[in-house]
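*Asks:* So the sequence shown is numbered by the working numbering: it starts at 29 and just counts up by one.
Everything labelled a hint here was simulated from the structure, so no lab data went into it. In this text, all values refer to a predicted model and were calculated from it rather than measured experimentally. There may be inaccurate statements among the hints.
Claimed, not checked - Label-pair restraints from in silico Cβ distances:
| # | residue 1 | residue 2 | range |
| --- | --- | --- | --- |
| 1 | Tyr57 | Met29 | 40 to 48 Å |
| 2 | Ser31 | Tyr57 | 35 to 43 Å |
| 3 | Ile35 | Ala55 | 27 to 35 Å |
Even glycine gets a Cβ: it sits at the ideal position worked out from N, Cα and C.
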Amino acid sequence: MISEAQIFIALVVAFITVILAFGLGKALY
């Protein structure tokens, strides 16, 4: 079973990961 809370957390984690990856890439290049 996947609850709405787990989906929300997964979306937040994915969003943060994208932001961090973008920021890191911008810092490196």
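*Asks:* Is 40 to 48 Å right for how far apart the beta carbons of tyrosine 57 and methionine 29 are?
*Replies:* Taking Cβ atoms as reference, tyrosine 57 and methionine 29 lie about 42 Å apart, which means the hint holds.
*Asks:* Is it true that isoleucine 35 and alanine 55 lie within 27 to 35 Å of each other by Cβ?
*Replies:* holds, 31 Å
*Asks:* Serine 31 and tyrosine 57, beta-carbon distance inside 35 to 43 Å?
*Replies:* holds, 39 Å
The structure agrees with every numbered hint stated previously.
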